[in-house]
Amino acid sequence: MMAHTVDFRIPAELLTEMRGWRTKALGIGVIGALLSAIGFFVAGPNQFYRSYLWSYIFIVAISLGPLAWLMLQYVTGGAWGLVIRRACEAAARTLPLTLLMFLPIVIGINNLYPWPHAEIVNADPLLKHKAPYLNVPFFLARAGIYFAGWLFLSWWFNKWSAKEDAEGHDAVHSKMSRMAGPGILFWGFSVTFMAIDWVLSVDPKWFSTMFGLLFIASQGLTAMAFLITLMVLLSKYRPMSEVLTHRHLHDLGKFMLALVMVWAYFSFSQFLIIWAGNLPDEIPWYLTRLNGGWQFVALLLVLGHFVLPFALLLSRDLKRNFKLLASIAVFILVMRFVDLYWLITPSFLKQSFGLSWMDFTVPIGLVGLWLAYFLTQLEKRPLMPVNAPHLEEVLEHGRD
Amino acid sequence: MADEPQVIDQPASKEIIAPGYTFGTVTDQIAAVVLTKKTPPLFWLGSFAVGFGLLLLFLLAVAILMVKGLGIWGLRSPAMWAWDITNFVWWVGIGHAGTLISAILLLLNQQWRNSINRFAEAMTLFAVACAGMFPVLHLGRPWLMYWLFPYPNTMAIEPNFRSPLVWDVFAVSTYATVSLLFWYVGLMPDLATLRDRTTDRFAKFFYGILSMGWRGSAKHWAVYETASLLLAGLATPLVLSVHTVVSFDFTIGIVPGWHSTFFPPYFVAGAIYSGFAMVLALAIPLRSAYNLKGLITDKHLDNAAKVMMATGLIVGYSYILEAFTGWYSGNVYEEAAIWNRMTGMYKYHYWTLVACNVIAPNALWFKKIRSSPVILFIWSIIVLIGMWLERFVIIVASLSQDNLPSSWGRFESTRWDWATYLGTIGLFLFLFFLFIRLLPMISIFEVRTLLPQAKVKEEQPR
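The listed protein sequences correspond, in order, to chains D and G. Each residue of the first sequence is one higher than the one before, starting from 616 at the first, in our numbering. Each residue of the second sequence is one higher than the one before, starting from -4 at the first, in our numbering.
The reader is advised that the hints may include incorrect statements.
[Claimed, not checked] From the structure, some residues in chain G lie toward chain D, with a derived Cβ separation under 10 Å: (1) L103; (2) E153; (3) N155; (4) R157; (5) V161; (6) F165; (7) L235; (8) S255; (9) F258; (10) P259; (11) M304; (12) I309; (13) I315; (14) T320; (15) S324; (16) N326.
Just so you know, these hints were derived from the structure itself, not from any lab. Just so we're clear, the structure is a prediction, and the values are computed from it rather than from any experiment. Each residue gets a CB set at the ideal place from its N, CA and C atoms; glycine is no exception.
Just chain G, with the same shape it has in the complex (with noise of 0.2 Å):
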């Protein structure tokens, strides 16, 4: 074009977008990804496979459920409910990574969102699929969960608002939702995109259908910036209220371990930690799987490592504080329960929770760590099981020594227990590859306004 500004050889920033990309070929890469005809990578072949394989596991493992009741689990008493609980409270954790980098950075300006946002938002819907497995698998009757709604019946059933199991449906569906339509909305542009370069007839068709009618005018970038802007506003409050909301199902039970009025940040910044663990643990095989380093930087990494580190020092401040005012409450149960946590039933348990969240995450204030994204994946994982036993042992190890030592019992994981939570771990990566292969993993055009090119013309008189 004649009135094309001036390209400046330099972009804006170079940490976040390796120089000599231009709009088009930054369109070119991560469209191809989705647009190829070519067999994908070996990379995605394999993660495909293995989330393909665990996913029949899951649905084995839930029809033996149906069939032989929560039994097959290792819920006894005292212990009724504990891998089901941990692996919702894990998975529904991991989910807000994606919805802070989504709503909260782009309400701060934060650039070195508009890389990673798309596929940590798609992060975020399919880790809250793989939570919500849990709590309805756990009704023991999954087909009557719609009793959990309060609507007009003829039953005169009435969900206890009292209850903080129920605002978690409350919480947790309107998640889900604005999560969803937060997604679905950023895609819309970029759905256009591929509908315009495939080749493909049917791809075209379905492209077409999703993308709306966009056709990117004015007006509809005008109606698009509010609704996002929107959006996110709506999205920020989720991020605390989620999480939050989760805390009160142990904090409003006055079980000893679980009453503690500090969880609700206790929490949130658990999952955020976690989260951006499992941000990096994706970002990392798949920007070298499909050459994409000039879009998500080691920039991006060393920024999610230090949000890690950050939420993960708060979650290190929570166990010190935890511990010690479970010995300054001078309350015979508190202490008891901070003291059984460390030396009980569960205290290996504990102990690599303390070495996972509380130990690890100070090797990230050194540079030399967050720059390498090999030890960064190492670190990534070490999180996401340090932040599953964390909740594992929240959980299990007060139920299992309450008040009366009489009815003390241990809880016992079996192999059901292990297939429903790999299971969900498959059904993460299923709909997480296909969607690698079917939309775009990158937002095309938000990255577009990063280059250089979009930064003269923003500056122009309107």
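Extracted from the complex, chain D is given alone in its bound form (with noise of 0.2 Å):
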């Protein structure tokens, strides 16, 4: 075993912070979770499903996109894998709770989706022709597969990166790399037919071949984003300010410019093939998004999604800037819920755009509930693979 100058185990004093943004995260989210509970009265039901769905799908997002990260570095390797690998795990950790958290959509599916109910089906040869598939059963059973898959990933991986750091890296790393393959195959598929199932039959006549891979880009985007930000925040503190270099950080920059430009390659593709065909079966949904006040959506999603970031993030010297990267990381966070409320809501307010209150109320209980749960999770384990392979050579990267 290589010896390490480092203590990895969380100290007291960033201990005691971490129970305080815990605090704090719990408290907003209790407030906001409250909140959305009043307006479920006071609003309406209609209202409080369809600001739940899209803040679901970003929670999704930060909850199963690192557990693809962690995967990828195994299959990888690489510096950047080691340091982001506990804050995957522990994210891995928080998928019981998105478990937990998909309920409201299992209750509220006759509110957010057309398809289970009897009468708009048999009105429609179309949807009658897509019932095998869309229909709640066999719904409720693919979330399952889905959940089932996840659970198990994560799982795996954080039951196998225990018995690292206890037993040391010979005895298990293999074997994790063996898994990462497979399971990022399944997270491929099951993203995919998540983002059919969950987000596109909103909308059951639309279709784009084009849908699943957006969604995996954008959930490897938003944890990236989020990985990013609380590396940052994590590295004021012992033991990561002795770890983490502008170099690490550099490289997860780099990530994070490629999806950000993946999301730009994919989301434009896909507008520039559907505008140019102009088809009666598909150009309705963008006809829909770029009307009513919602083009100006699209064009903040534009400029606030793509330009600003990429032409930001070119630049070397911002990548090696830990509270430049931050903010960016942060406003890519910003955007990532614009993306998804432009994706899901006009679907259900087909005239115009318009925001309910519950649409910050509800995304900030969900936001809030899950941080104080990751925190709780991270706080569990030291912050640095003790017994990686490679990991002096990690440390020796961050050194110049």
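From the two separate chains plus the hints, produce the assembled complex.
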């Protein structure tokens, strides 16, 4: 076993800080959740579920996306993977909470989707055609399969990683690497069909083969932006202040830039192809989203989700600047909310742009509760894998 | 030299270069292939002869095409382009691996690229040259191909910028230009090495001109490093953009089976997939014939096979999503297009390509298969066939059975389709083996940076 000079356990000072953050997150989360619960009765269940759906898709991205990064770093190796590993594992351990948060969607399935309603389906041959796929039992069964797979992967990687900490990497590292490939494959397929089930089927007449890929890219981006924010926050305290350097941050920043570009590439390709084709069963989806005020949201996405972060992230100095990179990451996270809102809400409000006060309380509530649970998980283990292979190289890599 | 740093016995990474090499032996071994006065090995002679023979066939096929017209190919309504566009997409796709290796892996600091980038980039150039043949020949009057460019003219002819085929002209010509520049800039230090080593006066003159006065001064290297990073930055978007635009050739049209929103990334993944298959198909025989197993190691083959498998899985994902969305769309034409592919006139092509592209790559999960060069070679050929069939099925199956059953018709290839296609394989082999004989197929100076001796020097304070 290689000797390392840094103690990775969370020192008391940081622990107090993290508990403080957790209390704040929990407080904000509870207030958001209470206000949303009041909204359920005041503004009506429809508005509650609509605000809930897109906020929940964000929670899925922020808890499941890190699992994908966790598996990817086992496949590729690299210093960047080691520094974010513990955060990814902690995020993956929040998946039981994500499953719990899925319940309102199950309960509100009739409020959210047109296809559970027999009278709507019977009146429409297209929905009748899709009924073998879009029906409540199969929808729930598929969700069960996704969650079973995700929870299994989260359990597996956390279990073996704990073993690595205790016994050294020779015994277990290759085991994790071998599981990571099939795990990524499952993640790709499950996210694709999750996107079709939970998001695309809100507007069951529309379809696009790009849709799943768009969610794969945006989960990766959401997760990376969150991880960068967290890393920068932790870098102010021991032990990460002694581990994390601008070189690690540069690598993570490159991934964020790449995913900003991939997101734009997927979104633009989908738009160009549908716009140029101008076919009656495809174009209405975009017509809704480019009229009645939604076009300004779309423009905001073009500028805020692509042009601005892209132009800024090109700079090497910026990717090595902790504060600036974290601000861009937070900005991207905000843009992720806007993107999800633009993708989902126009299907409910066909005519024109609208925003409910619940579109603020629900995401704040969910994110607050999730963050509190995430921080509970994060403090359970040292902030760096103790016995990982190449650990010394990773520390060295950071030192220039 | 007295101040040369101490040689460490074990190289930094055992896997990407065999132990025991020094700066001198690396240079000797790679330069010897080019500078030898002996007759090249039988492998070279045989491959060159095959390439040259097929090139003659190509010239014959093109001559007949010029005399008789496009009708000698199997093009009949409704399939007014078939093998020509299939071959174009196939060849352009193959080129992508070279750019990925040379540009993206350079930006990602992947050192294993250093010993395969040179011939992979050459492969890119020759593949793009072969690809370019088809759209130009398909014009019918290829001598008027300059009309594709928006140049000021008295005929008031402007290309239609709404057509993705015009975008293709720009995408592919930009790609060819940047690839050529990148390749040539990377060659310069090695050309200077050859200039300094050769004893032949003619070769000295030839390499001397091409190396543009490279003397290896620190200033040269500084400029070189900047230039190659900038070119890598320029080439990176091209890896995505070229096949994206190629996919627009189909998706922008509204033919069922073509108009699918995920074609751009799906085509790019397929391109890299077939490109890495070609890299393996070239590297495996080359390293045996020229005894280069110390420089192109099993680790290289393993890595290339992994990239091939990853992109192959993305291609497999695309087939599954394509079939699912065909049904899910509820659009009668989309559904019929997918159904026709699976059960229609081209069902054997379809199921063969599924076997080649969806089932076969899964064998690469196993390290045993990835570590056997013979099996990898066979697998790469399977992938190349599969990817050709994929493009053929997408293009021809959709054209043969479109929205109007009365205009359906089966495309039948002719011997001139075969002759032209095999002819470009000949052109490719001919150019590639000329390159092997005349230029260093592995980057000498970049491989030298992999040696432990170079590593020590790099870490000394500047």
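Cross-check of the supplied hints:
no.: 1; hint: L103; result: holds (9 Å)
no.: 2; hint: E153; result: violated (20 Å)
no.: 3; hint: N155; result: violated (13 Å)
no.: 4; hint: R157; result: holds (8 Å)
no.: 5; hint: V161; result: violated (14 Å)
no.: 6; hint: F165; result: violated (16 Å)
no.: 7; hint: L235; result: holds (7 Å)
no.: 8; hint: S255; result: holds (5 Å)
no.: 9; hint: F258; result: holds (7 Å)
no.: 10; hint: P259; result: holds (4 Å)
no.: 11; hint: M304; result: holds (9 Å)
no.: 12; hint: I309; result: holds (8 Å)
no.: 13; hint: I315; result: holds (8 Å)
no.: 14; hint: T320; result: holds (5 Å)
no.: 15; hint: S324; result: holds (4 Å)
no.: 16; hint: N326; result: holds (6 Å)
The earlier numbered hints that this structure contradicts are 2, 3, 5, 6.
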